[in-house]
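Protein chains: 2
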Amino acid sequence: MIILEGKPVKEKIISEVKDYIDEGKDKVGILLATDNRSAAVYAKSQVKMFTKYGIEADLCNPDGNAKQEEILAKIEKWNNDENLYGIMLLSPMYRQLNRNKIVESLRPDKDIEGIKAINLGKLMLNEKGLFPPTAVASVEILKHYGIETEGKNCVIVGRSVIVGKSLAVLLLRYGKMGNATITVCHSKTVDIVNYVKRADIIFSAIGRAGYFKASDFKRGAIYVDIGINVVEENGKRVIVGDVEPDEVEHLYAYTPVPGGVGTVTNAILLRNYVESKRRKDING
Amino acid sequence: MIILEGKPVKEKIISEVKDYIDEGKDKVGILLATDNRSAAVYAKSQVKMFTKYGIEADLCNPDGNAKQEEILAKIEKWNNDENLYGIMLLSPMYRQLNRNKIVESLRPDKDIEGIKAINLGKLMLNEKGLFPPTAVASVEILKHYGIETEGKNCVIVGRSVIVGKSLAVLLLRYGKMGNATITVCHSKTVDIVNYVKRADIIFSAIGRAGYFKASDFKRGAIYVDIGINVVEENGKRVIVGDVEPDEVEHLYAYTPVPGGVGTVTNAILLRNYVESKRRKDING
Chain V
5 MIILEGKPVK
15 EKIISEVKDY
25 IDEGKDKVGI
35 LLATDNRSAA
45 VYAKSQVKMF
55 TKYGIEADLC
65 NPDGNAKQEE
75 ILAKIEKWNN
85 DENLYGIMLL
95 SPMYRQLNRN
105 KIVESLRPDK
115 DIEGIKAINL
125 GKLMLNEKGL
135 FPPTAVASVE
145 ILKHYGIETE
155 GKNCVIVGRS
165 VIVGKSLAVL
175 LLRYGKMGNA
185 TITVCHSKTV
195 DIVNYVKRAD
205 IIFSAIGRAG
215 YFKASDFKRG
225 AIYVDIGINV
235 VEENGKRVIV
245 GDVEPDEVEH
255 LYAYTPVPGG
265 VGTVTNAILL
275 RNYVESKRRK
285 DING
Chain A
5 MIILEGKPVK
15 EKIISEVKDY
25 IDEGKDKVGI
35 LLATDNRSAA
45 VYAKSQVKMF
55 TKYGIEADLC
65 NPDGNAKQEE
75 ILAKIEKWNN
85 DENLYGIMLL
95 SPMYRQLNRN
105 KIVESLRPDK
115 DIEGIKAINL
125 GKLMLNEKGL
135 FPPTAVASVE
145 ILKHYGIETE
155 GKNCVIVGRS
165 VIVGKSLAVL
175 LLRYGKMGNA
185 TITVCHSKTV
195 DIVNYVKRAD
205 IIFSAIGRAG
215 YFKASDFKRG
225 AIYVDIGINV
235 VEENGKRVIV
245 GDVEPDEVEH
255 LYAYTPVPGG
265 VGTVTNAILL
275 RNYVESKRRK
285 DING
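Listed in order, the protein sequences are those of chains V and A.
Using our numbering, read the first sequence as starting at 5 and increasing by one per residue.
Using our numbering, read the second sequence as starting at 5 and increasing by one per residue.
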């Protein structure tokens, strides 16, 4: 039974892209237009990550009176900044802001989170573009450990655009890391265990601590845990996944939380940044 | 057991949109840059359909020496024609033509086949846009007969962008005509009958005559046959679906071929045309 650690995957990806970064010159824009605590924690970790690799993070964190025009002006500035190759728009956003309009204003070639329609469409068409890092990371971690998805019964739990749906599209591409039979389950699925118990590979992106137990899965199965859930354990806040690794000996492999998909996701975000920098012509 | 005839569905849709057509003024552009016989037959049927509803069809059918620049100039002309609200680009195209560049040149708001990245991305995001008619028709035909997909085990066979993948995304939307658990099978699926035999609703878009038999499906199942296959029968060319309706009494319902999804697809194409006309602001 193999634990699919994210760290070596991350390190390999970083080693492939880091030479393209101009330290002290390259910048990233991060919009945190919320007072949501989790988003703030995430923003802080992203600033730290980009800074570590020599990319200056311009964190825009307006107070609760932020106006739509101010935000759009900031995006416009980032769009036109020749040394800034990536923009992240954290969720949620203050209620008075029109998120769709803000996303629309973002240049497609700086959309390193792959949230714009044009990039999602390119994903559908299997054209070059910037794709959602979490979905990409879920495939990359398997690839790194030589686990192919071709012909496998892959069950994805969760139907968000940037995880469940994007992952389904990725796994349907041609090739050894595609060609999967995919099933997408969600809150309206009747008897979800009936699907996951037959799966060769389970991708869980529900966001509920311990929703599944490893013992729900069949012998030889692989699970990729995309959930990141904060729970209290003995008075301490700890991060756990969607799957409780109760009995894992019958599995072929699984990704831990923390230290699995999330770790790789950051590396993919950085790779998207570098792709945006190297290929300015993907602008749709 | 109900036969889900396309005709009443088509008639209802047409009745909802026909008043928005300005007869003798509205136009559609159809590019047939191929000498492929099936494409020519299809083009002819499309010209007939649009003409019937008062829309003048401008069929561009260059010979085998067609140059990329000529085609792009034609698209540009259509893009700028204020009375032309829809453009169809038939496949295949002559080998010397760059299909991707031609699709790119098309205005998003005249893309009534929903083949551009921006429209496919809007489909993923569940935003307003122009979506592939065959995928939409497959859901509309069920809706017309009061068959909801919510909570159902829906198995889609075929993974093309404009049918299989688009249909999967449609069936994952929120609502009674979404909220399905979807599985996408294709040529690399291991033991495909194992999936379809459990399905509540089977959508087949393989394009192989009689690939399934109705008796492969469980009691109470519904099948939506998206295949359009030309075969010889007693020396005559006839059109059949992917499913051979051998024994259908145990089913709840099925769509015939011809006269099922294909019939509704034309109506959706016309509806897309009218939507393009009424909502010029969807331009991405």
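Treat the hints as calculated values from the structure; they're not laboratory data.
Don't be surprised by glycine CBs; every beta carbon is placed ideally from N, CA and C.
Check before you lean on any hint, since a few could be wrong.
Unchecked claim - Have a look at the derived ranges for each label pair, beta carbon to beta carbon:
1) V/G150 to A/S95: 49 to 55 Å
2) A/K71 to V/Y149: 46 to 52 Å
3) V/E86 to A/P12: 57 to 63 Å
4) V/M5 to A/A44: 39 to 45 Å
5) V/N87 to A/V234: 54 to 60 Å
6) A/S19 to V/N104: 28 to 34 Å
7) V/K147 to A/V45: 40 to 46 Å
8) A/V234 to V/R223: 43 to 49 Å
9) V/M5 to A/R99: 48 to 54 Å
10) A/V45 to V/E73: 52 to 58 Å
Q: Starting from the hint 57 to 63 Å, judge whether the C-beta atoms of V/E86 and A/P12 obey it.
A: Check passed, 58 Å falls within 57 to 63 Å.
Q. Is 28 to 34 Å right for how far apart the beta carbons of A/S19 and V/N104 are?
A. holds (33 Å)
Q) Taking the CB of V/M5 and the CB of A/R99, does the distance hold inside 48 to 54 Å? A) Given about 51 Å between the Cβ atoms, the range holds.
Q) Is the hinted range of 40 to 46 Å satisfied by the C-beta distance from V/K147 to A/V45? A) holds (43 Å)
Q. For the pair V/N87 and A/V234, does the Cβ-Cβ distance stay inside 54 to 60 Å?
A. Between V/N87 and A/V234, where Cβ atoms are some 58 Å apart, the hint holds.
Q | Range hint compliance [Cβ, A/V45 to V/E73, 52 to 58 Å] | A | holds (54 Å)
Q: Given the range 46 to 52 Å, decide if the beta-carbon distance of A/K71 to V/Y149 lies inside it.
A: holds (49 Å)
(Q) Please check whether A/V234 and V/R223 have a Cβ separation lying inside 43 to 49 Å. (A) holds (46 Å)
**Q.** Beta-carbon spacing of V/G150 to A/S95 - inside the hinted bounds 49 to 55 Å or not
**A.** Between V/G150 and A/S95, where Cβ atoms are some 37 Å apart, the hint is violated.
Q.
Between the beta carbons of V/M5 and A/A44, is the distance compatible with 39 to 45 Å?
A. At roughly 58 Å between Cβ atoms, A/A44 and V/M5 fall outside 39 to 45 Å, so the hint is violated.
Checked against the numbered hints listed earlier, the structure breaks hints 1 and 4; every other hint is satisfied.
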